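Asks: Listed below, chain by chain, are the residues.
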Amino acid sequence: MIFRVLDPTPEKVAAIGNPAPRLDTLRGKTVGLISNGKEGSKGFFAHMEDVLRTQYGVANVVLRTKPNYSAPAPAGILGEIKSWDAVISGIGD
Amino acid sequence: MQLASHIYEATDIAAVQELYHSNGWTDGLPIVPPTEDAVRACLERVMMTPDQLIGIEPVRGLPILAEKLAINAVMAGCLPMHFPVVVTAWMAMMREEFLMHGATASTGGCAVLVVINGPIREEIGALGSFNALGNSDRATAVIGRAIRLCLINLMDVRPGAIDRSTLGHPGKFSYCVAEDEDDPAWPTLAEQRGLPRDASAVTVMAAGAPRQIMNEWTTRPEEFLETFAAEMRANLRHYSIHPGNYALIIPRQLREHLRAAKWGPRDIAAFIHERARIHRREWADVGKGAVVRDRGDSVYPAMRSADQLLVIAAGGPAGGFGAVIPPWLGDKSHAVTLPIGACVDCEPPPSVKGSVP
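Same order as they appear, the protein sequences are chains W and H. Everything in the first sequence is counted per this note's numbering, starting at 1 for the first residue and increasing by one. Everything in the second sequence is counted per this note's numbering, starting at 1001 for the first residue and increasing by one.
So that you can see chain W by itself, here it is in the shape it has in the complex (with noise of 0.2 Å):
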């Protein structure tokens, strides 16, 4: 006997952005931190503020956190990335 049975999962693929335009160099630019306010990342992000600024030359380093770290960051949060050269988001446990 044969079976014919369907695929379960989603066939087309949700389209998705692409990515920014890379870096030539972090030097001189603004970087966005984006925490998601977990008791781990307040280390994290102060230590890897320190070395974007002392390793990598990084002007400005913005951080902003967001107010429930299991959801997306907020509107307002969002709206500022695009005055940021760099953005990043990380989790932090």
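Among the hints, a few may not be true.
Rough simulated footprint, nothing fancy, chain W against chain H, three-plus residues with beta-carbon under 8 Å [claimed, not checked]:
hint, segment
1, 1008–1021
2, 1071–1079
3, 1238–1246
4, 1252–1266
Straight-line distance between alpha carbons at most 30 Å, and here's what the computed DSS-like set of lysine-lysine pairs gives [claimed, not checked]:
hint, chain 1, residue 1, chain 2, residue 2
5, W, Lys-66, H, Lys-1288
6, W, Lys-38, W, Lys-82
7, H, Lys-1262, H, Lys-1332
8, W, Lys-82, W, Lys-42
9, H, Lys-1332, W, Lys-42
10, W, Lys-29, W, Lys-82
11, W, Lys-38, H, Lys-1288
12, W, Lys-12, W, Lys-38
13, W, Lys-42, W, Lys-66
14, W, Lys-82, H, Lys-1262
15, W, Lys-38, H, Lys-1332
16, W, Lys-29, W, Lys-42
17, W, Lys-42, H, Lys-1288
18, W, Lys-29, W, Lys-66
19, W, Lys-82, W, Lys-66
20, H, Lys-1262, W, Lys-66
No lab work stands behind these hints: they were computed from the structure. Bear in mind that the values here come from a model prediction, so they are computed numbers and not experimental data. We put the beta carbon where it would ideally sit given N, CA and C, even for glycine.
With chain W held as given, fit chain H onto it using these hints.
Replies: Only chain H this time, still in chain W's reference frame:
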């Protein structure tokens, strides 16, 4: 009815199983082959076309179509009569306040608890009595499993992919319970949440594993409810301090004591809200002193308000047992209740006054 999904051919039932397992389309258990006839029967039951949009997952923007829900429901073992519950549960899960993406991706490893109320329970044989949180009956087993298979296949909530759970819990195979509505004087969960008793309804909650309690040495509500509250305090100490929707599963023996004392769900919730709270300093007692800091005197209730408690009547008739089901992450996710196949809060139809009869 024309279905859009790709069709695979398999030579026998074993080949079907290997096809689905090898593609990562299962929960590890055998599936029912989702044939075109079986899927069409589910869609006909809810009077939906295959391309009907059930909703759009709000974080990743993924559209959920009726055909794909039906395929996964058949795989889980659902009959057409079970499908309306699956559809309504998914509509509820896609409400923004449920935060499905966070709840299903989190390291916290919760499952989606589905509670069924109203006449549909009897129509589909969802019992809510013996073994209510286990393998109580076919209907709740397959409906709960359908929720998980849909998450796996429609949202890529696979372990190690979107599902980043550290541990998870057994409810991630199936976590569905029907309320015991035998006592007409006891408000059902759906009634407590604003729906009429004669409407069938589904409530979804991002839920941890049940924590069972036992106290059959008293008939006084203040005493055995204190046991529930103590279990919630333990959860606040050992797991998460965030307040939110806790659920209490209260079987009949304890409900009879409550009824005799003229306590209903509101009285229970008021008592529990008062008793289920801890001081932050108590974290130091359980090895979490590092995060007490200077806030040791702060009080943390299990719920922000009494109405965050979900009081659920279910379980076999004998035994002074009960269960506390904690939230995934406080009220980062809110429980959602929706009626099945009815709109109880729609606007009334426009006046027909003066129109042709």
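Asks: Against the structure, test the hints numbered earlier, and report the numbers of the ones violated in rising order.
Replies: 3, 4, 7, 12, 14 and 20
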